[in-house]
Amino acid sequence: MQKEEVRWNLDDILPIKKFDALYKDAEEALKQYELFYANISPEMPELGFKALIDFDEKMSEKISRLLDMPLLMESADQKSATAKLLKSKAENFAVRCANVSRKMGHWIQGKPVENIKTLDNSNAERLFNAVPDLKYVLWHARESAKYTLSEREERISTEKHITGLSVLMDLRELIETEFKYTFKPKGKKEQIIETESEVVKYSYSSNPAEREAASIALLTKFKENLDKFYMMYQAVVKDWGYSAEMRGFKSPIAVRNHANHVPDEAVEALLETCRENKDIYKSYFRFKAKELGMKKLRRCDIYAPLKIAKPESIPYNNAVKIVLQTYDSFGKGFGEKANEIITRRHIDSHPRLNKRGGAFCSTVAPSIAPYILLNYTNRFRDVSTLAHELGHGIHALYARHHSTSAQHANLPLCETASTLGEMVVFEKLLEKAKDDKQRKAMLADKMADSYATIMRQSYFIEFEIKAHDIIKKGITAEELSEEYMKNLKEQFGDSVVINPLYRYEWARISHIFESPFYCYAYNFGELLSMALFARYKKEGNSFVPAIEKVLAYGGSQSPDKVLKEIGVDMRSKRFWQGGFDIVKEWQKKLEKY
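By my numbering, the letter at position 193 of the sequence shown is numbered 193, and the numbering carries on one by one without gaps.
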C-alpha cells in the first residue's frame with residue numbers, strides 16, 4: 001500500500017547527476033543541423049528528408065528532458081535554487097536550438113531562406129509523405145507561413161520572451177508562493193495559512209463564515225498587490241497584441257485559435273452558445289440559495305455543499321482505488337494507463353510549503369509516462385481532480401506511438417479524456433451513494449463544477465477579449481478591475497450577491513497571464529465530453545473504441561477531422577447546445593429530489 005503522501009520520481013525524465021552529460025550531448029548534436037542544411041533542397045531524396053526530421057524529433061526530446069525536469073522540480077519546490085539554475089541553463093539552450101533550427105522551419109514553410117532553394121508545394125507533398133506521422137503537422141506549419149516573421153525577427157521574438165515575459169511569469173509565481181493568508185471566520189480566532197490550496201478548500205466548507213473568510217483571505221492579497229499584477233498583465237497583453245498585429249492576425253484571440261488548429265467561427269459559436277445559456281446556472285444558484293436557507297447566494301457560496309450532506313473525507317489512497325476501479329470498468333486501456341502513471345511514481349500528491357498550487361499533467365515525451373501534480377486535501381472534488389489529471393495522462397499514453405511533435409492533442413481536444421474521465425468517475429460515485437439525499441448533494445456539486453468549467457471559463461475569455469482591447473488604449477488597474485466586475489454581473493445577474501473584492505479576482509487567474517485565451521479549452525472539452533458521455537450511456541462499452549480512436553490521434557490530425565469522424569461539427573451551435581441540454585437535465589433532476 002502506498003504511503004498517504006506521494007512525491008514524484010523525476011529520474012525517469014533525467015536524473016540530476018546526468019543533466020550535464022545530456023546537456024553536453026545536446027550541444028554536440030546541435031552542430032549537426034549545419035551538416036543537414038548543406039544537403040537541403042526541394043529535390044532532395046525522401047530518405048534524406050526523413051533523416052532530418054528524425055534528427056529534429058530526437059533533439060526535441062532532449063530539450064524536453066533538459067527543460068521539464070527542472071520545471072517539475074520547481075513546481076514541487078518553488079524556492080529550489082538547483083531547479084532555477086538548471087531551468088535557466090535549459091531555457092538558454094532551447095533558445096539556441098530554436099535559433100539554429102529556425103532555418104529548417106522556415107524552409108519547410110516555403111519561406112525564403114538564404115542560399116537554399118525555396119520548397120514548392122509539389123516537392124513538399126513528396127517529402128512530407130516520407131514521414132506520414134508528421135504529415136499533418138508539417139502541412140499546418142506550412143499553412144502558418146503567412147503568420148511567420150523573418151528568421152531574424154523570429155529569433156528576436158524568442159529571445160525576448162525568455163528574457164522578458166518568461167521572467168515576469170516566474171516572478172508572478174514567486175510572489176504568490178510567498179503569500180501568507182489571514183483567515184478569520186466570524187466569531188473565530190484569526191490564523192495565518194501558508195498555502196493557497198489550504199485556503200481554497202474552505203471555499204467548499206459547509207460553514208458560511210469559513211467560505212466568506214476564504215474569499216476575503218485570497219482576494220485581499222491580490223488587492224494588496226494589484227499594481228504588481230496589473231503591471232505584469234499589461235506587459236502580457238501588449239506583447240501579445242504587438243505580436244498578433246505584426247504577424248497579421250485579425251484579432252488577439254485569433255492567435256490562439258490558429259495555434260489550437262480551430263477556426264475562429266467554432267470559438268465564436270461556442271462563446272455565443274454559452275452566453276445564451278447563462279440562465280441555466282442562474283436557476284441553479286437560486287435553487288441552491290433556497291436549499292441553504294439563504295435569500296440569495298453570495299459569490300463565495302457557489303461551491304458550498306448542501307446542508308443535507310456531511311462532507312466526506314476521502315484519503316488519497318482511497319481516491320486512487322476509486323479512480324482505478326472506475327477506469328478499469330470503463331475500459332481496460334484506461335485502467336492500465338492510469339495504473340502505469342501511479343506505479344511509476346509520477347504523481348506528487350499533497351500540498352506543502354513552497355509547492356505550486358493547483359493541479360496539472362505534464363507530458364514530456366512519448367517514451368516517458370506523464371507526470372501529475374496535485375494538491376490533495378481529502379475532498380470529494382480532489383477525487384475528481386485526480387480523475388481529471390489522470391485522464392490527461394491516459395490521453396498522452398494512448399498517443400505515445402506518435403512522434404514527439406504529433407503526440408500531444410491540440411488544445412480543444414486535450415481536455416477530452418480528462419473531462420470524460422471526471423464524468424465517468426462521478427457517475428460511478430453517484431450510483432454508490434447511500435441515498436437520494438446524498439445523490440442530490442453530489443449532483444448539486446456537479447452543477448457547481450460544470451459552472452466552473454463551462455460558464456466561468458467562457459466569461460474569462462470574454463474578459464480577455466475586452467481587456468486586450470482596452471489595455472492598449474490606456475487604462476488603470478482599477479478601471480480594468482471594474483471591467484471584470486461588469487463581467488461578473490453579466491454572468492450572475494441578480495441571482496448572486498457579489499462582494500466588491502471580487503473585482504480583483506482577475507489577478508488570480510494564472511492562465512490569462514501565462515497562456516492568453518487558453519481557457520476556452522475547458523468549456524470546449526467539457527461540452528464535447530458531455531456529448532461523448534451521452535453516446536457512451538446510450539451505446540455502452542461498444543462506444544469505448546471510438547473514444548480510444550479519438551485519443552489515439554493525439555495531435556496527428558486536425559481537431560475538425562477527428563471530430564467529424566464521430567459526427568461532431570464544432571462550428572455548429574446546435575452541437576454546443578447539446579452539452580447544455582445535459583446540464584438542464586441535471587438541474588431538473590435536482591429540483592425533483
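Read the hints as simulated data drawn from the structure, not as lab findings. Accuracy of the hints is not assured; some may be wrong.
Derived lysine-lysine pairs resembling BS3-like cross-links, with alpha carbons at most 27 Å apart [claimed, not checked]:
no., residue 1, residue 2
1, Lys-564, Lys-549
2, Lys-584, Lys-564
3, Lys-440, Lys-466
4, Lys-332, Lys-437
5, Lys-332, Lys-321
6, Lys-278, Lys-434
7, Lys-135, Lys-31
8, Lys-432, Lys-238
9, Lys-332, Lys-188
10, Lys-31, Lys-228
11, Lys-437, Lys-307
12, Lys-188, Lys-238
13, Lys-282, Lys-466
14, Lys-573, Lys-223
15, Lys-146, Lys-282
16, Lys-307, Lys-446
17, Lys-201, Lys-466
18, Lys-440, Lys-290
19, Lys-238, Lys-321
20, Lys-278, Lys-440
21, Lys-50, Lys-160
22, Lys-588, Lys-549
23, Lys-592, Lys-332
24, Lys-538, Lys-432
25, Lys-428, Lys-201
26, Lys-238, Lys-160
27, Lys-79, Lys-89
Just so you know, these numbers come straight off a predicted model, no measurement behind them.
Point to revise | Violated constraints from the hint list, given by number and in increasing order | key: 3, 4, 6, 8, 9, 10, 12, 14, 15, 17, 19, 21, 22, 23
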